[in-house]
Amino acid sequence: MMNVVTARFLKFRSLRPCYTNINFSLRSPCRGHRESTSQAPKHAKQAGRSGFSPAASSIYDWIGPPDRLSNLRLIIYHIPENETPLERELRHLRQETEDWNHEFWTNQNFTFNKEKGEYIQSQLSAKGLSERDDDGRKRTLSSEEMAVFYKHFLDKNITRHANYNRKWYRRNFTITFLMARVTLHNMWRTLTGQTRGTVREKGKTM
Amino acid sequence: MYRTSCSKLTGAWKCLPLDGLVGFSVQQKIFANASRSRMSARSLIQLCKKNQAEWITFQHLCFLKRQYVKSSTGLCQRARPKQEPVSAVLDDRDDSMVRQVQQIPALKPEPGSEVSTCATESNQVEPEADRAARLEARQWKEMRVQYSDLPEIYARLSKLKLTALVVTTAAAGFAMAPVPFDPVAFLMASVGTGLSSCTANSINQYFEVPFDSNMNRTKNRPLVRGQISPLHAVSFALACGIPGVTLLTLGVNPLTGFLGALNIFLYTCCYTPLKRLSIANTWVGSVVGAIPPVMGWTAATGSLDPGALLLGAFLFSWQFPHFNALSWNLREDYSRGGYRMMSVTHPGLCKRVALRHSVALIFLSALGPVLDVTTWTFPLVSLPINLYISYLAFRFYRHGDRQNSRKLFFCSLWHLPMLLLLALTCKKSRVAQDEAAVTSSSASLAL
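Residue numbers (the numbering used here), protein chains in the order written: chain A, 68 to 273; chain B, 42 to 488.
Honestly, I wouldn't trust all of these hints.
Stated by the list, open to error - Derived Cβ-Cβ restraints for the label pairs, each shown as a range:
hint: 1; chain 1: B; residue 1: Asp413; chain 2: A; residue 2: His219; range: 30 to 38 angstroms
hint: 2; chain 1: B; residue 1: Pro284; chain 2: A; residue 2: Arg248; range: 19 to 27 angstroms
hint: 3; chain 1: A; residue 1: Tyr236; chain 2: B; residue 2: Ala280; range: 31 to 39 angstroms
hint: 4; chain 1: B; residue 1: Leu412; chain 2: A; residue 2: Glu182; range: 37 to 45 angstroms
hint: 5; chain 1: B; residue 1: Leu279; chain 2: A; residue 2: Glu156; range: 22 to 30 angstroms
hint: 6; chain 1: B; residue 1: Thr418; chain 2: A; residue 2: Gln188; range: 43 to 51 angstroms
hint: 7; chain 1: B; residue 1: Leu462; chain 2: A; residue 2: Arg256; range: 27 to 35 angstroms
To be clear, the hints were calculated from the coordinates, so they are not data collected in a lab. For glycine and all other residues, C-beta sits at the position ideal for the given N, C-alpha and C.
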């Protein structure tokens with residue numbers, strides 16, 4: 068059951084609506100929203116996790132509530148007009164990192180909860196107890212018994228966690244460095260008097 | 042401009058039958074006014090009763106749901122601070138909104154969040170702020186910097202309360218040094234230490250965003266909530282760290298500056314990554330906690346004396362009962378988040394180490410007079426509190442349950458300030474030391 072739910076969520080996340088405007092076909096289909104010129108932004112039939120579309124005139128990114136499975140927050144990125152290649156690269160990287168993170172943590176939480184449930188069941192059946200007690204409440208194990216499971220889970224996944232850690236640090240550094248480049252680039256353009264459709268100053272951007 | 046949840050309602054209204062749109066504009070104004078001027082429930086209901094015949098059930102229900110608190114006994118009229126966020130009902134479910142015309146959806150607790158006992162216990166630091174954050178957490182927010190919120194954001198980013206504690210220990214180290222009190226150096230050392238601590242905490246949060254999101258204790262941090270960007274956090278850290286270390290190096294002395302920089306490095310580059318790799322992180326973290334009083338001492342004297350190391354040793358040993366007790370009740374979160382802590386992987390060691398170091402505090406206190414840091418009264422006066430924490434650590438060692446770990450943790454919170462205060466009051470007077478030096482030198486001259 069959980070498998071289906073997880074799979075569906077993962078699938079929908081990758082098909083998240085893209086709030087681009089008329090040039091939908093010309094832009095890469097990734098998640099973001101554009102300012103509207105004359106009409107409300109089009110977006111794909113809502114099949115994703117979020118039913119939210121930012122206000123058409125907003126020029127900021129939007130961050131949502133924590134996801135039920137991964138506890139990470141979904142971000143809808145703003146795509147400015149005349150987005151520079153650097154900005155696009157940053158947006159794609161952030162997008163991709165977010166999806167990668169979401170997948171890892173969804174799996175992590177799902178696996179943890181599944182194994183925890185299995186462990187509790189096996190312990191209870193070893194003791195000869197049913198899953199629910201006479202009042203209909205779920206039986207729980209003592210914290211000492213659970214601690215055995217927690218330790219086992221950590222030890223089992225140590226390599227996976229270490230790999231994730233390494234990759235996450237690298238991505239985090241890259242994103243921040245790229246953000247710094249974008250900010251400096253935009254500041255330089257502002258200082259040298261170059262403009263484009265929307266000027267993004269340091270104070271406005273996140 | 043309406044808040045996000047209001048705009049969701051306006052969107053939903055389009056799905057409803059036409060005769061309901063009669064009161065549309067009136068309702069819009071009411072909502073706008075309500076959100077702006079925070080009218081009381083009673084006056085709003087009075088206003089709404091005028092248009093009762095024209096109101097659609099769904100809007101009425103939604104509006105009333107905003108004002109009512111759902112309790113176990115049923116709906117109550119007075120708008121009290123909500124336990125469960127009502128706006129959770131208006132969560133991301135488009136097609137269900139039309140269905141809600143027929144029924145009031147039952148409020149159910151959000152999965153795996155507020156009711157977690159771990160959260161309520163480990164959130165002693167900011168319970169009120171967390172509740173407010175929970176309510177906000179359900180909504181979509183624009184990622185723009187709210188300049189009015191920045192002080193609070195920075196306070197959370199730099200863990201201001203922890204920083205204050207660190208500065209206190211550094212100040213205690215400064216005060217314990219057997220030299221004349223220099224207020225300027227004291228101020229500069231305190232500010233420098235505080236800034237260094239802000240830097241270290243900010244970088245720590247910057248590294249740990251996805252992990253913090255998944256742990257109840259830390260899920261309301263600014264970077265997790267997207268209140269500022271990672272670049273902003275790093276810039277803040279640099280803006281604190283560079284002046285902080287510079288202030289310590291140039292304004293106090295290079296040794297203190299070096300210790301400050303070392304501490305930042307140990308915390309951000311050793312402790313933070315180690316948390317996910319090995320239980321050695323606790324020992325590294327204890328060293329990080331021990332360095333500030335040493336910094337205070339070196340700020341005063343300019344040299345690394347045995348007295349400085351003794352104060353550092355106090356803090357080092359104290360960290361173990363403090364942290365081991367805290368981490369005992371967070372084992373599930375640590376395990377799920379992939380943190381390797383003693384409490385999860387080596388529970389026996391965890392309890393032993395906590396006990397060992399609590400007892401060590403007694404012996405360290407006895408070293409005070411030996412190293413001429415304090416008078417002989419200090420070990421006696423501090424014996425009661427040291428015995429008490431050792432007793433609690435022993436109970437924790439024997440029983441290892443939630444109650445004993447909490448007792449030990451809370452005891453550690455007041456034990457450290459008490460210990461430092463007692464040490465200060467029992468500080469070896471400089472006058473007595475000088476007199477002793479003079480008499481010994483005159484005695485040697487006489488010979």
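Hint by hint, here is what the structure shows:
In this structure the supplied range 30 to 38 angstroms is violated for Asp413 (chain B) paired with His219 (chain A), their Cβ-Cβ distance being about 51 angstroms. Distance hint check: the CB atoms of Pro284 (chain B) and Arg248 (chain A) are about 25 angstroms apart, consistent with the given range 19 to 27 angstroms. Tyr236 (chain A) and Ala280 (chain B) have their C-beta atoms about 22 angstroms apart, which leaves the hinted 31 to 39 angstroms range violated. Leu412 (chain B) and Glu182 (chain A) have their C-beta atoms about 52 angstroms apart, which leaves the hinted 37 to 45 angstroms range violated.
Between Leu279 (chain B) and Glu156 (chain A), the C-beta spacing of about 24 angstroms keeps the proposed range 22 to 30 angstroms intact. Distance hint for Thr418 (chain B) and Gln188 (chain A): a CB-CB separation of about 59 angstroms, inconsistent with the stated range 43 to 51 angstroms. Taking 27 to 35 angstroms as the suggested C-beta distance range, the pair Leu462 (chain B) and Arg256 (chain A) does not conform, at roughly 57 angstroms.
Of the hints listed earlier, those the structure fails to meet are numbers 1, 3, 4, 6, 7, in rising order.
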